[in-house]
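With the sequences and hints as input, model every part of the structure.
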Amino acid sequence: MDEIINVSYEDEIAQSYLDYAMTVIVSRALPDIRDGLKPVHRRILFSADQLGCSPKSAFKKSARIVGDILGKYHPHGDASVYEAMVRLAQTFNYTHPLIEGHGNFGSIDGDSAAAMRYTEARLSPISTLFLEDLKYNIVPMRKNFDETLYEPVVLPVQIPALLLNGTSGIAVGMTSNIPPHNLTELLDTIIYKIENPEASIPELLEILHGPDFPTGAIITNKSDLIDIYTTGKGAVKLRSKYHVEELKNGKKQIVVTEIPYTVSGSKENLLNKIIDTANERKELNITEVRDESSKEGIRIVMELKKDTDEKYVINYMFKHTKLQDNMSVFMLAILNQEPKTFNLNEYIEVFLKYQNDLYVKKNKQILASGELQVEKYNGLLFGKANLRLIYEITTKAPGDTEAEAERHMMNALMYGDTSDYDDISKSDKQLISKFRCTEVQADIILDTKLRKLSKINTLKIQQECDKLMKENERISDILSSDKKILNEIKKQLKTIKKDFPEERKTHITDITMDFVEEKKTYNVFVDENFYIKTTRTKMTEPGIINQELQETDRIVVITNLGESILIKPGALTLGDAKFKGIAIENYLPLKNNIMHVFIQGKEGELLYITKDGFAKLVSYEQFLTSRSSKPYLTEENELLFVKEVFEKDTIVYKTLRGKEKTINIYKNLMPLSKRTAKGKKIFTNKDDFESIQIVHKEIPEEEQISLL
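The C-terminal residue of the sequence shown carries number 708 in UniProt numbering, and the numbering is unbroken.
Heads up, some of the hints might be wrong.
[Claimed, not checked] Once the Cα atoms are required to be at most 30 angstroms apart in a straight line, the calculated DSS-like pairs of lysine-lysine come out as:
(1) 396 <-> 452
(2) 483 <-> 135
(3) 538 <-> 568
(4) 252 <-> 273
(5) 643 <-> 654
(6) 362 <-> 135
(7) 353 <-> 470
(8) 364 <-> 273
(9) 490 <-> 470
(10) 273 <-> 306
(11) 362 <-> 467
(12) 306 <-> 319
(13) 498 <-> 364
[Claimed, not checked] Label pairs and their calculated CB-CB ranges:
(14) 547 <-> 691: 24 to 34 angstroms
(15) 292 <-> 114: 22 to 32 angstroms
(16) 545 <-> 276: 46 to 56 angstroms
(17) 114 <-> 10: 44 to 54 angstroms
(18) 439 <-> 128: 48 to 58 angstroms
(19) 387 <-> 468: 18 to 28 angstroms
(20) 398 <-> 364: 38 to 48 angstroms
(21) 115 <-> 11: 25 to 35 angstroms
(22) 128 <-> 568: 50 to 60 angstroms
Because the hints were derived from the structure by calculation, they are not lab data. In this text the structure is predicted, and so the values were computed from the model without any measurement. Glycine included, every Cβ here is placed at the ideal spot set by N, Cα and C.
Encoded structure:
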């Protein structure tokens, strides 16, 4: 009987969760630092390679490739595998796509790819740098999920793939977000590091510069990049590239030609936000927003009214839409089966170590193969030089079976043993006794027909042999020196740089992301009926508010339930002197009664009187907030009266019985109360008054009523 082990739920859950977390981290969500690939991407490339989908081959149906991946290596949903393959083919996501797609593979607008039964794919040219060295068996292999096949643990990639195309992934409790980079700059940086092992990160960034996105745009925080590449964490600030075009009618239009990488694949959402902002903010004077993008590139047009300041408009759009955006950077990848945050120097060191390992393993195999070929060449040359004796050995070998005859021939060639040969002359036996072929040489001599052996071009074979021996010596010499190995890696990187030239797409500079919008003023007018508007010139007639406001000013509305609501001047409707305005209640989320309207930042106090007989003084300073407040009163104790008061002011209210009562405000209601405080009782019967007013004079104490 098996032993029963008692385990607590807490321990089992903790261990199971840890196992799950590590599986997600290592086997799904995060890339390997060596080849820059997640398991699903590695399996896509490997399976496509096994299917023969080379860059020069015909396209194959995507469904066939996905099916092969699912059936052999990746037992998960077909949708997720196809989505990953589609992303590998999208030029707006990858500067160097690893898959070449044929058909609808989605768009930068956010359109989905066509179903995999309609599209076709094959490997892209640069993917050969990931796969071509698999033939040397220099990377570890592991069994697939059903243990019937083998798949590579990591690909023998020849380029710094992790930084080249970047990656993003969310694991359990951690995330990886690495931006793409320029291949030419990456290779130059690594070459410089080989030549200058002690180079610092600031030195390397003189070559690498920073991220390079397939969508272009502008990085505006150049000064932060040293810290990002030193710590492996930070944020890249991105801004769209634009220019202004003059139209024939004197108008202008802003044309955006490059957008942040963060909105790559969701340009339509960006465009909709621009349109919504243009519609909401009439003062921007945007008459039309158009998307004129085509295969030639992005072109988002904002047409402006005449005499509109285009700088103000684009700065506003930068601030309020994703025409300007941040991309978080977390340089996190799997190293030795553990997640690790790395900086630029650490990544280059890991890359060079991996390239060193690959180079050594590959060239040891090439050397072994070369030495074997030299051995075979020497065998053929030996056979040609001793053709008559080879004829004697092969035609007169004793034995009743083929295997027995072959054994005698091998003994004669390898050891000069002809003791069992009866038909060979004594003189020939003496010559054969000096034979000392290796097993490989004996095999190739016996495998080559005598007629073919006799026609061998000795000079050509000798030349090939000498050439191969020199190459073997060269490889042996390189493998004996770490410095020479690094030099060969450097040559390899230079060749790749020549084969895959690339110009930088993303400009890097230092520009303040928080653009200061030009000061825009609004002439705000509120009449006694709480109708509000903005005008180009200040109104001459009096109103509750008739004041010039800045963009940062706020209009505060107090309702009968005690809530205070903030309104931006820019949200108001522009009109002329004849325009009545819009009722303020249309700007309120709840249709409550308006009690008071004022400009935020005003000095002084407000008097609150509620339906249930409480009064209090509230400072205007309590409304210096960036948010609206929620209602805190009900219909039973709602506000009856809200008004600005001053020192020596007196409350005067008349009862239904015709009596007039007064209260000196500052003597009886001080100190100031919080907005949500109850206050002090000034009357008991809520129906016992007819009217309330403020008298701007002090009433003698003997004439005032006392607070109840």
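How the hints compare with the structure:
1. For the given pair, residue 396 sits about 19 angstroms from residue 452 by alpha-carbon distance, which is consistent with the 30 angstroms threshold.
2. For the proposed pair residue 483 and residue 135, the alpha carbon gap of about 26 angstroms is at most 30 angstroms, so the pair holds.
3. For the hint linking residue 538 to residue 568, the alpha-carbon distance of about 18 angstroms falls within 30 angstroms, and the restraint holds.
4. For the given pair, residue 252 sits about 21 angstroms from residue 273 by alpha-carbon distance, which is consistent with the 30 angstroms threshold.
5. For the hint pairing residue 643 with residue 654, the CA-to-CA distance comes to about 17 angstroms; that is within 30 angstroms, so the pair holds.
6. Of the supplied pair hints, the one linking residue 362 and residue 135 holds, its CA atoms being roughly 9 angstroms apart against a limit of 30 angstroms.
7. A C-alpha spacing of about 27 angstroms is found between residue 353 and residue 470, which places the hinted pair at or below 30 angstroms, so the restraint holds.
8. Pair hint residue 364 plus residue 273 does not hold up; C-alpha atoms about 59 angstroms apart against a cutoff of 30 angstroms.
9. This hinted pair checks out: residue 490 and residue 470 have alpha carbons roughly 22 angstroms apart, not beyond 30 angstroms.
10. Between residue 273 and residue 306, the direct Cα distance comes to roughly 23 angstroms. Compliance with the 30 angstroms bound is thereby established for this hinted pair.
11. Restraint check for residue 362 and residue 467: the C-alpha separation of about 20 angstroms stays at or below 30 angstroms, so the hint holds.
12. Restraint check: the Cα-Cα separation between residue 306 and residue 319 comes to about 23 angstroms, which is no more than 30 angstroms; the hinted pair holds.
13. Of the pairs offered as hints, the one joining residue 498 and residue 364 holds, with about 26 angstroms between alpha carbons and a cut-off of 30 angstroms not exceeded.
14. Checked against the hint of 24 to 34 angstroms, the C-beta distance between residue 547 and residue 691 comes to roughly 29 angstroms, which is consistent with it.
15. Checked against the hint of 22 to 32 angstroms, the pair residue 292 and residue 114 passes, with Cβ atoms roughly 25 angstroms apart.
16. Our hint of 46 to 56 angstroms for residue 545 and residue 276 is violated, since their Cβ atoms are close to 28 angstroms apart.
17. Between residue 114 and residue 10, the C-beta spacing of about 49 angstroms keeps the proposed range 44 to 54 angstroms intact.
18. Under the hint 48 to 58 angstroms, the C-beta atoms of residue 439 and residue 128, about 37 angstroms apart, miss the expected range.
19. Checked against the hint of 18 to 28 angstroms, the C-beta distance between residue 387 and residue 468 comes to roughly 23 angstroms, which is consistent with it.
20. The hint said 38 to 48 angstroms for the Cβ distance between residue 398 and residue 364, and at roughly 42 angstroms that hint holds.
21. Distance hint check for residue 115 and residue 11: the Cβ-Cβ separation is about 46 angstroms, which falls outside the suggested range of 25 to 35 angstroms.
22. A C-beta distance of roughly 57 angstroms is found between residue 128 and residue 568, which places it inside the suggested range of 50 to 60 angstroms.
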